[in-house]
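**Q** The primary structure of each chain is shown beneath.
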Amino acid sequence: MNILSLFVIIPLITMFSLMLTKGFKQARLVAAIGMGIQLIMAVVLVFMYLHERNTGNTQEMVFYDSSMWFPSLNITYTVGVDGIAVAMIMLTAIVVFAGIFASWDVQFLTKEFFISLILLASGVFGFFICLDLFTMFLFYEVAVIPMYLLIGLWGSGPKEYSAMKLTLMLMGGSALLLVGLLGIYFNSNPGGTQLTFNILSISKIVIPMSAQHLFFPLTFVGFGVLGAMFPLHTWSPDGHASAPTAVSMLHAGVLMKLGGYGCFRVAMFLMPQAAHEMGWIFLILTTISVVYGAFGAIAQKDLKYINAYSSVSHCGLVLFALLMMNKTTMDGAIIQMISHGLMTALFFALIGMIYGRTHTRLINEMGGLMKVIPFLAVVYVIAGLASLGLPGLSGFVAEMTIFVGSFQHPDIFHRICTITACASIVITAVYILRVVGILLFGPINNEHHLHLTDAKWYEKTSTVTLVLAIAGIGLAPLWLSNMIGDSLGPIMTQLSNAF
Amino acid sequence: MGLEQYLLMRHELVLTLITLIILIAELCIKGDNSRKIRPFAIILFFIATVVGFLPLGEGSLFGGMFQTNGMILIMKNVLNIGVLIIFIQSYTWLGNEENKIKVSEFFLLMLSTLIGMDFMISSGDFLMFYIGLELATIPIASLAAYERTKTKSAEAGIKLILSSALSSGIMLYGISMLYGTTGSIYFSEVAKSLHSSNLQTLAFIFFFSGMAFKISIVPFHLWTADVYEGAPISVTSYLSVISKGAAVFIFVIMLFTVFRAMTAMWQDVLYITSVLTMTIGNLFAMRQKNLKRFLAFSSISQAGFIFLGMIGGNELGMTSVVYFMLIYIFSNLGAFGVVSAIANRTGKENRDDYDGLYLTNPKLSLLMMIALFSLAGIPPVAGFFGKFFLFTAAAKGGFYMLVLIGVLNTIISLYYYLLVVKAMFINKSETPIQYFKSDGYTRLGLIICFAGIVFTGLFSFVFEYIRVYAFGV
Numbered sequence: 001m002n003i004l005s006l007f008v009i010i011p012l013i014t015m016f017s018l019m020l021t022k023g024f025k026q027a028r029l030v031a032a033i034g035m036g037i038q039l040i041m042a043v044v045l046v047f048m049y050l051h052e053r054n055t056g057n058t059q060e061m062v063f064y065d066s067s068m069w070f071p072s073l074n075i076t077y078t079v080g081v082d083g084i085a086v087a088m089i090m091l092t093a094i095v096v097f098a099g100i101f102a103s104w105d106v107q108f109l110t111k112e113f114f115i116s117l118i119l120l121a122s123g124v125f126g127f128f129i130c131l132d133l134f135t136m137f138l139f140y141e142v143a144v145i146p147m148y149l150l151i152g153l154w155g156s157g158p159k160e161y162s163a164m165k166l167t168l169m170l171m172g173g174s175a176l177l178l179v180g181l182l183g184i185y186f187n188s189n190p191g192g193t194q195l196t197f198n199i200l201s202i203s204k205i206v207i208p209m210s211a212q213h214l215f216f217p218l219t220f221v222g223f224g225v226l227g228a229m230f231p232l233h234t235w236s237p238d239g240h241a242s243a244p245t246a247v248s249m250l251h252a253g254v255l256m257k258l259g260g261y262g263c264f265r266v267a268m269f270l271m272p273q274a275a276h277e278m279g280w281i282f283l284i285l286t287t288i289s290v291v292y293g294a295f296g297a298i299a300q301k302d303l304k305y306i307n308a309y310s311s312v313s314h315c316g317l318v319l320f321a322l323l324m325m326n327k328t329t330m331d332g333a334i335i336q337m338i339s340h341g342l343m344t345a346l347f348f349a350l351i352g353m354i355y356g357r358t359h360t361r362l363i364n365e366m367g368g369l370m371k372v373i374p375f376l377a378v379v380y381v382i383a384g385l386a387s388l389g390l391p392g393l394s395g396f397v398a399e400m401t402i403f404v405g406s407f408q409h410p411d412i413f414h415r416i417c418t419i420t421a422c423a424s425i426v427i428t429a430v431y432i433l434r435v436v437g438i439l440l441f442g443p444i445n446n447e448h449h450l451h452l453t454d455a456k457w458y459e460k461t462s463t464v465t466l467v468l469a470i471a472g473i474g475l476a477p478l479w480l481s482n483m484i485g486d487s488l489g490p491i492m493t494q495l496s497n498a499f
Numbered sequence: 001m002g003l004e005q006y007l008l009m010r011h012e013l014v015l016t017l018i019t020l021i022i023l024i025a026e027l028c029i030k031g032d033n034s035r036k037i038r039p040f041a042i043i044l045f046f047i048a049t050v051v052g053f054l055p056l057g058e059g060s061l062f063g064g065m066f067q068t069n070g071m072i073l074i075m076k077n078v079l080n081i082g083v084l085i086i087f088i089q090s091y092t093w094l095g096n097e098e099n100k101i102k103v104s105e106f107f108l109l110m111l112s113t114l115i116g117m118d119f120m121i122s123s124g125d126f127l128m129f130y131i132g133l134e135l136a137t138i139p140i141a142s143l144a145a146y147e148r149t150k151t152k153s154a155e156a157g158i159k160l161i162l163s164s165a166l167s168s169g170i171m172l173y174g175i176s177m178l179y180g181t182t183g184s185i186y187f188s189e190v191a192k193s194l195h196s197s198n199l200q201t202l203a204f205i206f207f208f209s210g211m212a213f214k215i216s217i218v219p220f221h222l223w224t225a226d227v228y229e230g231a232p233i234s235v236t237s238y239l240s241v242i243s244k245g246a247a248v249f250i251f252v253i254m255l256f257t258v259f260r261a262m263t264a265m266w267q268d269v270l271y272i273t274s275v276l277t278m279t280i281g282n283l284f285a286m287r288q289k290n291l292k293r294f295l296a297f298s299s300i301s302q303a304g305f306i307f308l309g310m311i312g313g314n315e316l317g318m319t320s321v322v323y324f325m326l327i328y329i330f331s332n333l334g335a336f337g338v339v340s341a342i343a344n345r346t347g348k349e350n351r352d353d354y355d356g357l358y359l360t361n362p363k364l365s366l367l368m369m370i371a372l373f374s375l376a377g378i379p380p381v382a383g384f385f386g387k388f389f390l391f392t393a394a395a396k397g398g399f400y401m402l403v404l405i406g407v408l409n410t411i412i413s414l415y416y417y418l419l420v421v422k423a424m425f426i427n428k429s430e431t432p433i434q435y436f437k438s439d440g441y442t443r444l445g446l447i448i449c450f451a452g453i454v455f456t457g458l459f460s461f462v463f464e465y466i467r468v469y470a471f472g473v
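Chains A and B, in that order, are what the protein sequence lines are. Numbering of the first sequence is given in the numbering used here, commencing with residue 1 and proceeding in unit increments. Numbering of the second sequence is given in the numbering used here, commencing with residue 1 and proceeding in unit increments.
The hints are simulated quantities; they were obtained by calculation from the structure and are not laboratory data. Beta carbons are placed, not taken as given, at the ideal position from N, Cα and C, and that holds for glycine. One or more of the hints may lead you astray.
Below are the DSBU-like pairs computed for lysine-lysine, each with C-alpha atoms no more than 35 Å apart in a straight line [what the hints assert, rightly or not]: (1) A:Lys25 <-> B:Lys150; (2) A:Lys22 <-> B:Lys422; (3) B:Lys363 <-> B:Lys36; (4) A:Lys301 <-> B:Lys422; (5) B:Lys422 <-> A:Lys165; (6) A:Lys25 <-> B:Lys363; (7) B:Lys363 <-> A:Lys165; (8) B:Lys363 <-> A:Lys111; (9) B:Lys428 <-> A:Lys301; (10) B:Lys348 <-> A:Lys165; (11) B:Lys150 <-> B:Lys437; (12) B:Lys348 <-> B:Lys422; (13) A:Lys25 <-> B:Lys422; (14) B:Lys428 <-> A:Lys456; (15) B:Lys289 <-> A:Lys111; (16) B:Lys437 <-> A:Lys22; (17) A:Lys165 <-> B:Lys428; (18) B:Lys428 <-> A:Lys22; (19) A:Lys111 <-> B:Lys428; (20) A:Lys22 <-> B:Lys348.
Facing chain B, according to a computed beta carbon distance under 8 Å, are these residues of chain A, among others [what the hints assert, rightly or not]: (21) Leu153; (22) Thr167; (23) Met171; (24) Leu178; (25) Val426.
Between beta-carbon pairs, the in silico distance windows are [claimed, not checked]: (26) A:His276 <-> B:Pro219: 39 to 49 Å; (27) A:Ser496 <-> B:Pro219: 49 to 59 Å; (28) A:Ser17 <-> B:Lys428: 23 to 33 Å; (29) A:Ser496 <-> B:Lys428: 50 to 60 Å; (30) B:Pro39 <-> A:Gln26: 38 to 48 Å; (31) B:Ile272 <-> A:His276: 30 to 40 Å.
For reference, chain A alone in the conformation it holds in the complex (with noise of 0.2 Å):
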């Protein structure tokens, strides 16, 4: 069986022992032994993809492997990674092993909880490792859809509507990508061959200009949505303040990567000239959201609410770095979706973290908190300092990356552009100061956060494999970056050949 599988196969059968358990120590540690293994996995992946490389596998994708699903209309399971996809999936297991200590004491429904929530990996697994439009686009949904019961189930504050609003909006995202989809599996046998929704095949050919037209828009807005580009952002603050830790933790960290990912490989892949000539458009609304997101950031009291908003303008810049289209800011664009995936997973952490003891969120409400949780407080810094940009962790290589590269575009819209989003680099180290400096330094104003009791072993356990992997791609960030280099080849060419 190809390796690629597994990464669907570990997370299902985690699922089947998981509703084998009885009582809430059972059920976490299946899950966490079931997505330990998918880590080690994930890790695996890495060096056998490494491997082939350096043995001179110079193919698109590697470990590719096809097998025919509805034969009549061609739709067949393809899977096959390049050095991207292999990023992702890396990110992907890391935060739902944090993820998993993380949520460590949820007692209620705890067997529930943790099969929704391996559900949902699985969809991101499964959309990061298949190449066929329709596979994706059913990982896509099965990634959403548990969502809505994660939310409204073991979700804090006005959860319901929340949930609702959360799960209507990006299945409302997916109806457009599904017109898109459908659209380019129309569109992709201009010679009169077998219609197909392998991307590979249809990367090779060049979709008719009127199509690439009315499915660019619709694809791109559709993955846009989970990408939480302006305005279609709303989701996204409400979503994560009401989610559940792990939840926000995976939500923010990597379901909203793939919007990212999906905007890339398959609007910008598949149909590089309407790209072109229409990412104007979105490159606009994606400077309003870097800026937007940021300013957000700073006017919240909330803590989850800051760190949604902050969401929304990192994510804005991975769009905002693809559109810019040259090598060097979609290296950035990658590293910058990798890096915000593990900061702000971290961050989400600390926060429930933080929220289970002082029980409340609101910044106003709490000071001083370095000297009695000082772990939880020094690791906090850290993720502050990653998220505006400190060199030596990973928000920096990115951020660096991504304008550097938009710089490189003489003409004076790009220019415009890229100053705009520059001033997003201050007004994150506004918010993020700000918080540091309330929450944890000052006098304690709250006399019953002097007894709060400082980090668990899990806890440690989920902040820690966070940290490591932010300090390293901070560190040694060639490593990643060549990685992602060799497989933006085939992008790049697509969309040079498209002037």
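Based on the hints, put chain B in the right spot on chain A.
**A** This is chain B only, laid out in the frame that chain A set:
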């Protein structure tokens, strides 16, 4: 005409035979005959369903009045599967004290409607079609009034028969115009002489109105909610899947064969009505609190989606319509099965009564959720595949705008399906429905539905099997 030629009518003959056997058996069985008749009828019908799957050639009988081919055979089998599930699901309800004296009538009437539907699907001329249609309609009206002590049930029966009569009248008027302009009632002859003259267009509209009534297409849907709510749940589920399915099947065949020459015209009609049906069905479903009414309106909107498959006029469309109907049978009967299991036990059928159901009855809630997700078209359950192929068929015909409207409507429908899921899983209740253990037949019915919902989509051979026999305009 040799004896073996009569075998082309195998479905109808077997069903007639079963009907007679049940009739005689009721006379012979002494004492409390309801206990014996129920399993007996179910086993007989199970045999009939299995016999239906045996291979059979194609051909026509009675000078072309009756025709059959691979596709028609599949359609009949799909209906048989649905009826079998309904029989199993209604087992418990038929055992109730007030129903004991009329158990065999239930089976007889159901089977006669099924015979009517089979004749209707196999019809080769308008006369046979009309006879089949009436045979399929009149017994179902008496079934709707089956619980005669309940006012609502009686009301449902009278509403169904009156509006059926009206719609049949309109349809007959359309058929008479077709006869007037073409000089024949045989499908093959009519198809040759159609050329979209004004009178023929009018004839089609009248004919369409009659069909639209059976499929409950907006604006001919108003009878649906009241009848569905008033009729017993088994009859409601029968109306919403089997009656609707049979009408859809013959309609798709007739559009693709008889009205082939008027394709451009009927595409317009289907376009408008499907948009109306999806949207209005959805908007009404959102506001329903009673789950039977809720499922009634949701089934109206599902009918709009079925038109998406027909409108392209391609063989993929026919495949996807039949495939979707099969999945729809499993999903809708799954949902009705849960509603009926709970209503039988507690008499509750409002959405608010389902608050906190997951904590007391986890299995039923899960099945209900899966069935609703399948109706909404969420992967990986079968409904997703059904809807996806309907959309693919419409997109193949170039109706991208309609596909977009359709997909946006699935999002609206997802909203109200999620409301039920929310009631079961998220809402808290002071007085939840207590835990209960369903009897074997109810569980068997639900398990069949569950298996159907899960596996029909993932295993592609069902789709490919239907595809072999499909044809286009």
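**Q** All the hints need checking, so say for each whether the structure fits it.
**A** Structure-based check of all given hints:
1. A:Lys25 <-> B:Lys150: Not OK: Lys25 (chain A) and Lys150 (chain B) at ~52 Å, beyond 35 Å, violated.
2. A:Lys22 <-> B:Lys422: holds (25 Å)
3. B:Lys363 <-> B:Lys36: holds (30 Å)
4. A:Lys301 <-> B:Lys422: holds (30 Å)
5. B:Lys422 <-> A:Lys165: Roughly 13 Å between the alpha carbons, so the hint for Lys422 (chain B) and Lys165 (chain A) holds.
6. A:Lys25 <-> B:Lys363: holds (22 Å)
7. B:Lys363 <-> A:Lys165: holds (27 Å)
8. B:Lys363 <-> A:Lys111: Distance ~14 Å between Lys363 (chain B) and Lys111 (chain A) Cα, so the pair holds.
9. B:Lys428 <-> A:Lys301: Given pair Lys428 (chain B), Lys301 (chain A) holds - Cα atoms ~30 Å apart, limit 35 Å.
10. B:Lys348 <-> A:Lys165: The given pair, whose Cα atoms are some 29 Å apart, holds under the 35 Å limit.
11. B:Lys150 <-> B:Lys437: Answer holds: Lys150 (chain B) to Lys437 (chain B) is near 27 Å, not above 35 Å.
12. B:Lys348 <-> B:Lys422: Distance of about 17 Å is within 35 Å: holds.
13. A:Lys25 <-> B:Lys422: Status holds; Cα separation ~27 Å.
14. B:Lys428 <-> A:Lys456: This hinted pair holds, its Cα atoms lying about 32 Å apart.
15. B:Lys289 <-> A:Lys111: holds (31 Å)
16. B:Lys437 <-> A:Lys22: holds (21 Å)
17. A:Lys165 <-> B:Lys428: Distance of about 20 Å is within 35 Å: holds.
18. B:Lys428 <-> A:Lys22: holds (23 Å)
19. A:Lys111 <-> B:Lys428: Holds, because 19 Å separates the two Cα atoms, which is no more than 35 Å.
20. A:Lys22 <-> B:Lys348: holds (31 Å)
21. Leu153: holds (6 Å)
22. Thr167: holds (7 Å)
23. Met171: Status holds, d = 5 Å.
24. Leu178: holds (5 Å)
25. Val426: violated (39 Å)
26. A:His276 <-> B:Pro219: 39 to 49 Å: holds (47 Å)
27. A:Ser496 <-> B:Pro219: 49 to 59 Å: Holds, since Ser496 (chain A) and Pro219 (chain B) (Cβ atoms, about 55 Å apart) stay within the stated range.
28. A:Ser17 <-> B:Lys428: 23 to 33 Å: Holds: the Cβ-Cβ distance is about 29 Å, inside 23 to 33 Å.
29. A:Ser496 <-> B:Lys428: 50 to 60 Å: Given about 58 Å between the Cβ atoms, the range holds.
30. B:Pro39 <-> A:Gln26: 38 to 48 Å: Holds - the Cβ-Cβ distance for Pro39 (chain B) and Gln26 (chain A), about 42 Å, lies within 38 to 48 Å.
31. B:Ile272 <-> A:His276: 30 to 40 Å: holds (38 Å)
In the structure shown, a violation is registered for the earlier hints numbered 1 and 25, in ascending order.
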